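Engineer: Go by the hints and put chain B onto chain A.
If you want the building blocks of each chain, they are given just below.
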Amino acid sequence: MYGYSGKILHIDLKERTHWVEEKPEDWYKLYIGGVAMATRLCWENIEVGCDAYDPGNPVCFANGIFAGTPVPVGGKYGLASKSPLTGFIGDSLSGSWLCIAMKRAQWDGVVIHNSSDKWVHVFIDDDRVEFLPADHLLGLGTYETEEAIREKFGDDQVRSATIGPAGENIVRFGNVTNDGRQAGRTGHGAVWGSKKLKAVSFRGTNGVTVADPETLLSMSFDITESAQGKDTEKYRIYGTSTNMLNMNKLGLLPTRNYQEGVFEFAELVSGEYLDEHHKVKVIACTQCPIACEQMSMVKKGPFAGAMTGIEYECLQAVSSNCGINDMTAAIRLVDIADRAGMDAMSMGVTISYTMECYERGVLKKEDFICEIAPEGLELNFGNGPAAVTLAEMIEKREGIGDILAEGTKRAAEHFDKERNAETYKWAMNIKGLELPGYDARALKTFAVGLAVGTRGGCHNRSAAYDPDIKGQTNRFTVDGTRGEVASRSEEYAAVYDTLPMCKFIRRCFTGKADRAGAWPAIAKLINATTGWNFDYDDVDQIGVRAHTIKKAFNIREGWKETDDDLPYRWKHDPMTIGPSAGHIVTDEELQYLKKIYYKAKGWTPEGMIPKKVLLDLGMDDIAEEIGV
Amino acid sequence: MVASTSKFKYIVCDPELCIGCQLCEYVCSYTKTGEFNSYRSRIRTVRVDEVLITAVACRTCENAPCVMACTRDALTQDPESGIIRIDPQRCDGCAWCIEACDFGAISINHETKLAEICNQCEDVEDGPQCVKICPKNALEYTTPDQRAQRTRRNLIKDSLDFPSKAKDPR
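If you're matching them up, the sequences are chains A and B in order.
Under the working numbering, read the first sequence as residues 1 to 628, first letter to last.
Under the working numbering, read the second sequence as residues 1 to 170, first letter to last.
Hint data in this document are derived by calculation from the structure and do not stem from the laboratory.
All values reported here derive from a predicted model rather than from experimental measurement.
You may find that some hints are simply not true.
To be verified - With the Cβ distance kept under 10 angstroms, some of the chain B side facing chain A (calculated, not the full set):
| id | residue |
| --- | --- |
| 1 | E16 |
| 2 | E25 |
| 3 | N37 |
| 4 | L52 |
| 5 | E111 |
| 6 | T112 |
| 7 | K136 |
Unchecked claim - Below 30 angstroms or equal to it, Euclidean Cα-Cα: the simulated DSS-like pairs (lysine-lysine) are:
| id | chain 1 | residue 1 | chain 2 | residue 2 |
| --- | --- | --- | --- | --- |
| 8 | A | K230 | B | K132 |
| 9 | A | K524 | B | K32 |
| 10 | B | K9 | B | K132 |
| 11 | A | K524 | B | K136 |
| 12 | B | K157 | A | K512 |
| 13 | A | K503 | B | K136 |
| 14 | A | K230 | B | K136 |
| 15 | A | K524 | A | K29 |
| 16 | B | K157 | A | K234 |
| 17 | A | K524 | B | K132 |
| 18 | A | K512 | A | K29 |
| 19 | A | K230 | B | K157 |
| 20 | B | K32 | A | K7 |
| 21 | A | K234 | B | K132 |
| 22 | A | K299 | B | K157 |
What the hints assert, rightly or not - Cβ pair distances, simulated, as ranges:
| id | chain 1 | residue 1 | chain 2 | residue 2 | range |
| --- | --- | --- | --- | --- | --- |
| 23 | B | P88 | A | D135 | 40 to 48 angstroms |
| 24 | B | P88 | A | V48 | 54 to 62 angstroms |
| 25 | B | K113 | A | P24 | 33 to 41 angstroms |
| 26 | B | K7 | A | T17 | 58 to 66 angstroms |
| 27 | B | G34 | A | G511 | 28 to 36 angstroms |
Glycine residues also receive a C-beta, built at the ideal position from the N, C-alpha and C atoms.
The shape of chain B in the complex, shown without the other chains:
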């Protein structure tokens, strides 16, 4: 079963714009750990076949499968923001949450052996740092609704060759 994405905000990457620079990973791992280390980044880039490139972070699913899969109730979902929180006291690194996640958005910390996930930089003043550094605006902090809205607008903008009224001809 594929998880249903929800009304919550999440960080999404447009593979057509992503260039695979990994700057999101550097900034994320520094924000979370004080070190630069892709393995500790909560957003992870993937590059397959050189041109297939994207970055993946938590999609804040509704009825999140990772939460349901956790055998120790270490994972909870914030009802307002959808952010998944992991209680390090309860997590034992069993990785059921990783198995449950359809997006590969959870990883295990190599040193503590505990699960780690994106929290949308809720504790950082100017929001998700990965979105801030992304040089190509491939990353967006958005909701599924907003995404759909934009897709519809792009659809009509890209497919019709009408003069634009928004552009002043002068």
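The following block holds chain A by itself, in its conformation from the complex:
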């Protein structure tokens, strides 16, 4: 078998043992890699119904089909566990060096079972597994941990996925970091923390071979070249942060906890401003010829020295969304999140939620008193230094940070009960996962894509904002086509998330981002790697199956139709200014959208998956368990 080793490594943290599972080629043809394979491994290995922090919740790595080869942007892996935020599938992707070390160690996937009673660092050295003590790494940030491990082994090719203090403190939106990239969302860091798993390192020394290296190389050369053209210009020059001004113009830029979609200071926190004042260097993941990561630094002022990669989603969450117009505070906030190992998006939305609690009088200055903030905090929208202090309180679970570290959904439940308040009305999450940077009140196709999303409020899994923003659909209204559009767009995204390839390459095959533009080239790349005979339809099915396995996982974990919902604010409070003012998604609209979406999927009106649909996808054992 080319492209795969056929082997999954299982590791038991409690028993300190490991074993190897062999998988047949047909299994790989169904699940490929990335999020689909990681979810499938989670499906096979989880104790159904367990809490995310129970030892029965496994940590599942699944490598990419192109990892370790020169295929542009194929250097990614998938990571899945049950999410502590949503209670459903937590599937994330991360890029860069780790995946190639895993590939050269010849593991298609790694499943980590059980929990350790002492802090542990798992070192996978080709086919050897070591359980190393990790106490000396505790308290170190993500990057420091990686560096300490590399120093220990003296080998640049030892690559590690780690958690920072946030994961150690089981901050519910803690994440996992490798090589400065994150498996960012859904709380993997908290799961690792609950297992006392500080780091997983790989060293792989074996060469990677593919079925048809000449074709693979010549295609890679071509794609690399076209990735320097206009199709990736946006990512290369300003990075995704250029969206700040674009979204602001459309009235979709989350502002002051999603109260408005226009931020009067957008220029000051724009990608253009970042480029002019803070950019240090642009860097790339392994195998990536685009390089979108805008490494940005604060050079003077109270936050001097903060340096990290700044992207749109994190930037909007901590700037406009918190009313903050000081770019140095925004960089420091993302920097704290990245070092602590927590999701800057969830953190930003949790801070903005808290700011609104403060402005509406639910929380008072003295509620924030703790060691880091002895006088409490005046947490008005726009107060950058206070937001920075609050981020540190969350990371360390100090004072009220202990409650906020649970994320907006649980914090709102807590405060509403404790203070007889209604803060749930501005707790901006779906299924417990905080929202991304597009206001879906005026993106009606995206609204349904988010509501039904298998991992909650996420812009990566549903790409339905695209037709709305491009004007292929009327973003302010609802019609009968939207179920199909939302369904097709999430399956389209799922192809990239399963290979996985970074979506930023999507226009570089033929100039067109659609299926017709990309699938034939991707089929060719898959065939050159594996020697299979995939065609357009096979590539398309990858996305359908990836989405189906995630939904199946959720159904088995107790998903109900009412879980597919939108936050209160998007259903009740219209924005008052800008081109998206006046719109909400009414309950009638949402119910209608969900119905036509389930129908487009071929599911029952209640959103369950018929046996036949699963059998047609070759997912027989899943049909048996949850098919109706």
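Structural biologist: For chain B alone, coordinates are given in the frame of chain A:
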């Protein structure tokens, strides 16, 4: 003693342009071994502190220290091209050459335990493959003279804000 770089051509990386994508390593290891494996690449990327990134290959030093250090005369330097050649029959993997190299440009093959070094793809028709794939033109196949020439030109281009005659205003 730091080795003196010479008149010979070599592959050099501009750290300001390098993004750390490692495509040079993939292409190099494939060209040399038929497999993709950074450990077998004759050019190696380094990433320190996330933003300090470069790639290193043999600098074809004059009076190359690696050649002098070899106790078995396994290393020789081509007088025309400066390319270092390693005789696998004589090399015993003792790694003195690695100790002697100021650039970390030599590595040991994990399987054969013998030294490996960049040969500028002298046996490949269109020259160094790493330079060919580098997406940001960070890699250059050049001589110290050419490098100096370009640095001088850049110096004046970057530091003076004169209108350019090379650009037709129309």
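Engineer: All hints are to be evaluated individually against the structure, with a verdict given for each.
Structural biologist: Now for the hints, and whether the structure bears them out:
1. E16: Nearest chain A Cβ about 7 angstroms off; hint holds.
2. E25: Interface hint status for E25 of chain B: holds (9 angstroms vs cutoff 10 angstroms).
3. N37: Cβ of N37 of chain B sits 4 angstroms from chain A, so the hint holds.
4. L52: 9 angstroms, holds
5. E111: 9 angstroms, holds
6. T112: 13 angstroms, violated
7. K136: 7 angstroms, holds
8. A:K230 with B:K132: 20 angstroms, holds
9. A:K524 with B:K32: At roughly 24 angstroms apart (the allowed maximum being 30 angstroms), K32 of chain B and K524 of chain A satisfy the hint.
10. B:K9 with B:K132: At roughly 16 angstroms apart (the allowed maximum being 30 angstroms), K132 of chain B and K9 of chain B satisfy the hint.
11. A:K524 with B:K136: 26 angstroms, holds
12. B:K157 with A:K512: 38 angstroms, violated
13. A:K503 with B:K136: 20 angstroms, holds
14. A:K230 with B:K136: 14 angstroms, holds
15. A:K524 with A:K29: 15 angstroms, holds
16. B:K157 with A:K234: 27 angstroms, holds
17. A:K524 with B:K132: 23 angstroms, holds
18. A:K512 with A:K29: This hinted pair holds, its Cα atoms lying about 26 angstroms apart.
19. A:K230 with B:K157: 26 angstroms, holds
20. B:K32 with A:K7: 27 angstroms, holds
21. A:K234 with B:K132: Cα-Cα ~24 angstroms, so holds.
22. A:K299 with B:K157: 27 angstroms, holds
23. B:P88 with A:D135: 40 to 48 angstroms: Check passed, 46 angstroms falls within 40 to 48 angstroms.
24. B:P88 with A:V48: 54 to 62 angstroms: 57 angstroms, holds
25. B:K113 with A:P24: 33 to 41 angstroms: The hint (33 to 41 angstroms, Cβ to Cβ) holds, given that K113 of chain B and P24 of chain A are roughly 36 angstroms apart.
26. B:K7 with A:T17: 58 to 66 angstroms: Holds - the Cβ-Cβ distance for K7 of chain B and T17 of chain A, about 59 angstroms, lies within 58 to 66 angstroms.
27. B:G34 with A:G511: 28 to 36 angstroms: 33 angstroms, holds
When held up to the earlier numbered hints, the structure conflicts with 6 and 12 and fits the remainder.
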